Amino acid sequence: MEPQPVALKVLNTLSILFFLGALGMVFLYAPLEVTMNYVQKIFYFHTANAWVGMLGFLAAAVAGFIYLVDHDLKWDIIEVAAIEISLVFFLIAILSGSIWARPSWGTYWTWEPRLTTAAILEMVYIACLLLRQGIDDPDRRARFSAVYTLIGSISVPITFLSIRLFRTIHPVLIGSGSASAQGSFDMTPKMLVTLFFTLGTFSVIFVTLFWHRIRLGQLSQLVDQRKLEE
Amino acid sequence: MRSVASSSPLPAHNSPPRHNSSFVKSIGAIIWKDLAAEMRSRELLTAMLVFALLVILIFNFALDLDATTRKAATPGILWATFAFAGTLGLNRSMALEKDRGCFDGLLLAPVDRSAIYFGKLISNLVFMLIVEAVVLPVYSVLYNTNLFNPGLVSVILLGSIGYVAVGTLLSSMAVQTRTRDVLLPILLFPVIIPILIAAVNASSGFLQGIAQAEIMPYINLLLVYDVIFTAVAFMVFDFIVEE
Amino acid sequence: MIVVKRLVKRFGLKTVLRGLNFVVQDGEFVALLGPNGSGKTTFLRILSSLARATSGEISVAGFPLPGQASAVRRNLGVLSHLPLLYGDLTAEENLHFYGRLYDISDLNRHVDQVLELVGLLPRRRELVRTFSRGMQQRLAIGRAILHDPQVLLFDEPHTGLDQGACDMLDHLLREVSGQGRTIVMTSHDLSRVEDLASRFDVLSHGVITASIGRNEVGQNGLAEFYRLALAN
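Chains as they are written, first to last, in my numbering: chain H, 1 to 230; chain E, 1 to 243; chain W, 1 to 232.
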């Protein structure tokens, strides 16, 4: 297994630097929001994580599709890496969203479209990983995983739109009052800059982790191969 | 024991390569086979029906509702029941094929793989509709509500089609894994949420006599879902069954 | 007629078949021997179009795989250790079902003939799940030859049968092979194939390591041949 390429080592350093930079910007540069004060600052991380989760989702869907056309197992490694990373980032996004929601709206959870869809997507990811766990043959595992990812990547956006549809036709049901009031503060230019910087930071972190995870997958494959050759 | 060869058709390699057997005929044969076998044993239908009725029973005690709230909750209870009972049917239907290696028997025949998919889809749909056809009157009687509403019936039909379209594909996958039965609901439920949203809302709309125009978006959602997923499932089914 | 050239089959990183070459002429009955796990079943699954090769050329009954898989399927009958029959249908119904899938004309007559051939005509209206394993295998042979295929593949068909059932199965196999069909049968048990096959091939470590015709095998020669083939 080749050692980390230079580009990856650079990314490692950049990730750490940018993250520190983002922390700095969020806590020192960005102004305090009028009503929510420090709690609002979690918004930067929440949004960045959700954004990165979306990147992972797209990567997984594309990799799965390519595998079905190509049958090269490397796309399967990419797909799993994307799913695992997206799973974690969306989880952080959901949790950070909860932490923000409590002081803002008085509830940890609301059934609003984005949050609900994120939760459903997590279930799809977990289902996919469980599916993979139950299959021994690598080719079949890759095929089934790709098919399920395809189904999921079509269904989840439809789910999001369905929940939105449900929301616009019916008045808000039992539960939260201002569920649709997400991001309902005005952003000053400094906040916008911070936001974009954080998005950029997490994108870099995403690529770094993605690359590491793919390498891990390749290493795992090598180990399996060596085991068989014994 | 006489031999067969003397009166059999010409050996096939003397004639040009033929296509698969008639698509429609194959689908028909598979549907007939599933229905005939089920009529004999009635295992699948009995299991699904009993389970569905038990679920309704559990809901009765779990959600101790007054008459008005129950009326509002009816669509939800119905669809939860159908969703759970449906997985039983899907699992069983595939397991029957897998157990004696019968699925290989289907794959060995010169039959289009998608014909196998459609055949199983339609027989799964028939079983699900039968169960729903029993549950509706029973529920009506138990809770003194009138569920004989053509709008409701059409929603149940559309919702069931989408459910079974995805369910047949996923159960074909699940049956080939180690975890089998347990895996199907885990795979299926997250991806049929649009059906649940649309079906429950449309059902509710029809039962409460809401204007058709307001219900149409949900019906459209169901139609769109059905078309998209039947098409996708039909296209990827090959990948599931061919090694 | 079966022609296999440089067949390779990999499951992920594990190579099961390594450049296998195998030719069967029309009318030959080849017994494919080899220990458990040597790849016999995988090989047969590829020949029967249930699995795909990773690389190599295959043609069965004159048609290439996987390109013309449906033409191959039309000319192929398969018998494995699983009966491939529906327990809740009668013997007759099972055959009718498969007959429809194979688009067989004059189906009723064919079904009757086949049932008579395998000695199950009196039990045609009984449910398959009431059949003994031996009877199921006989019906399975019926299913395999219903569409009069040129090529037959048998994967360890004697598995789980008692002596009486095995004898009946052998009788049927002889009957069926006497009609000029091409047959490949796998077995890890020599006694089963000694009297049936016209040729014996040994599959070991992913390739055919030895091959011997029936007339070249002396008394007890087959056991010796097999032992030597595996020892190499």
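There may be inaccurate statements among the hints.
Keeping only pairs whose Cα atoms sit at most 30 Å apart, straight-line, the calculated DSS-like set for lysine-lysine is [unchecked claim]: (1) E:K98 - W:K14; (2) W:K14 - H:K190; (3) H:K227 - W:K5; (4) W:K5 - H:K9.
Some chain H residues judged to face chain E by a derived CB distance under 7 Å, without partners named [claimed, not checked]: (5) V88; (6) L91; (7) M123; (8) V124; (9) A127; (10) L130; (11) V147; (12) G152; (13) S153; (14) I158; (15) T159; (16) F160; (17) R164.
These are calculated hints, taken from the structure and not from any lab test.
Here the structure is a predicted model, which means the values were calculated and not measured.
We treat Cβ as the ideally placed atom computed from N, Cα and C, and that holds for glycine.
Hints versus structure:
| no. | hint | verdict |
| --- | --- | --- |
| 1 | E:K98 - W:K14 | holds, 25 Å |
| 2 | W:K14 - H:K190 | violated, 57 Å |
| 3 | H:K227 - W:K5 | holds, 29 Å |
| 4 | W:K5 - H:K9 | violated, 47 Å |
| 5 | V88 | violated, 18 Å |
| 6 | L91 | violated, 15 Å |
| 7 | M123 | holds, 4 Å |
| 8 | V124 | holds, 5 Å |
| 9 | A127 | holds, 5 Å |
| 10 | L130 | holds, 6 Å |
| 11 | V147 | holds, 5 Å |
| 12 | G152 | holds, 6 Å |
| 13 | S153 | violated, 10 Å |
| 14 | I158 | holds, 5 Å |
| 15 | T159 | holds, 5 Å |
| 16 | F160 | violated, 9 Å |
| 17 | R164 | violated, 10 Å |
Of the numbered hints listed earlier, those contradicted by the structure are 2, 4, 5, 6, 13, 16, 17.
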